[in-house]
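S.K.: Each chain, letter by letter, is given below.
Number of protein chains: 2
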Amino acid sequence: MPFEPLSLRFEKKSFVTKIKDIENHVYFLQKGIVEVGIHKEGDEKIIDFVFAGQFFSSYTSFLLRKPSDVYITCLTECMVEAIPYEILQEAYKVSLLANQFGRIITETAFMERVKREKDFLSKSAEERYLELIERRPEVIQLIPGGRIAKYLGIHPESLSRIRKAIS
Amino acid sequence: MPFEPLSLRFEKKSFVTKIKDIENHVYFLQKGIVEVGIHKEGDEKIIDFVFAGQFFSSYTSFLLRKPSDVYITCLTECMVEAIPYEILQEAYKVSLLANQFGRIITETAFMERVKREKDFLSKSAEERYLELIERRPEVIQLIPGGRIAKYLGIHPESLSRIRKAIS
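Top line first, the protein sequences correspond to chains A and B. Just so you know, this note's numbering puts 338 at position 41 of the first sequence, and the rest follows in order with no gaps. Just so you know, this note's numbering puts 454 at position 157 of the second sequence, and the rest follows in order with no gaps.
Chain A on its own, in the form it takes in the complex (with noise of 0.2 angstroms):
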């Protein structure tokens, strides 16, 4: 790539994209847990968790330059490499590299969210969890039960069960 990404460094707690952001990067997570999600009637729903080597971003207010509907917050201290709207932009147009980088990110991500949408259509509240701590086991240590009940769309009382019938 014809560029240097920026190196930013986010305080646990602390919000890359807010809701109404317009989002002027793609990220790269070097270091820390992410977590993406949008408001409903004063409550969150978690669309995502990012881990360390994962690209991310409020992707379709990236694209559309339209107000983002997602929050993207740090659930621990974040390092981060960041690519600016407009360097991509003119990296896309003349670029091999840049369109084959950006179009292989793309489809990874795609990728996600079609698995997370069939998932939540054909598997139950703990299949998913047990999907979640095999591929990511650091999640029981690094992200609260409160936040996984509400990525895996349940009530953390159910969430407690599940843990207490599979241990």
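Note that these hints are calculated values from the structure, not bench results. Any given hint could turn out to be false.
Copies of the same chain look alike in the list, so a pair counts if it fits in one copy or across any two.
30 angstroms max Cα-Cα, derived DSS-like pairs, lysine-lysine [stated by the list, open to error]: (1) Lys420 to Lys317; (2) Lys412 to Lys309; (3) Lys412 to Lys461; (4) Lys412 to Lys328; (5) Lys390 to Lys447; (6) Lys363 to Lys337; (7) Lys447 to Lys415; (8) Lys337 to Lys412.
Computed from a predicted model, the values in this text were never measured in an experiment.
Chain A is already provided as a structure; the job is to place chain B on it using the hints.
M.R.: What follows is chain B alone, placed relative to chain A:
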């Protein structure tokens, strides 16, 4: 693009892609309506309707070369253009234009999945039905109510109630 897509015709009710097939194409729908869904406990869950002018594919299967867990079927006679996997991958290695094309259709597909996921989390079935018929008024004539109900994730009787309430 340095290649000609294939032109294909599918009968009403025929399958473009079956569950467990490895998806070998990205398709562009020239004419007709396509349904994408999964099976769950012997029943179908409809993930998407595709209309003329849109791209479609069992894209995760296409990208990962793994058996599809979705089916793609034609609700009407369909005319499609199809781009084979090998040809697209060859083009991705060398062609700026092919990568721009792949990136942009993947961005579009990503945004559609995210929108549907957020709508499921934040909107009622009635709101989602109203949005669907506003965006695609032809669904009322062309897609059986039972299939629309499955797409919305509600019982056919609930869809009848919604239709009465808004008429």
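S.K.: Confirm or reject each hint.
M.R.: Hint-by-hint comparison with the structure:
Proximity of Lys420 and Lys317 under a CA criterion of 30 angstroms is satisfied inter-copy only: 18 angstroms between copies versus 32 angstroms inside one chain copy. In this homomeric assembly, Lys412 and Lys309 come within 30 angstroms of each other (Cα to Cα) both inside a single copy, at 28 angstroms, and across copies, at 28 angstroms. In this homomeric assembly, Lys412 and Lys461 come within 30 angstroms of each other (Cα to Cα) only inside a single copy, at 26 angstroms, whereas the closest approach across copies is 35 angstroms. For the identical chains of this complex, Lys412 and Lys328 are neighbours both inside a copy (24 angstroms) and across copies (28 angstroms), given an alpha-carbon limit of 30 angstroms.
Taking CA atoms no more than 30 angstroms apart as the test, Lys390 paired with Lys447 passes in neither setting, with 40 angstroms inside one copy and 41 angstroms between copies. With identical chains, the CA atoms of Lys363 and Lys337 are at most 30 angstroms apart within one copy only, with a shortest distance of 19 angstroms there and 36 angstroms across copies. In this homomeric assembly, Lys447 and Lys415 come within 30 angstroms of each other (Cα to Cα) both inside a single copy, at 18 angstroms, and across copies, at 14 angstroms. Taking the closest pair of Cα atoms, Lys337 and Lys412 come within 30 angstroms of each other both inside a single copy (23 angstroms) and across two copies (15 angstroms).
Violated hint for the displayed structure: number 5, the only one.
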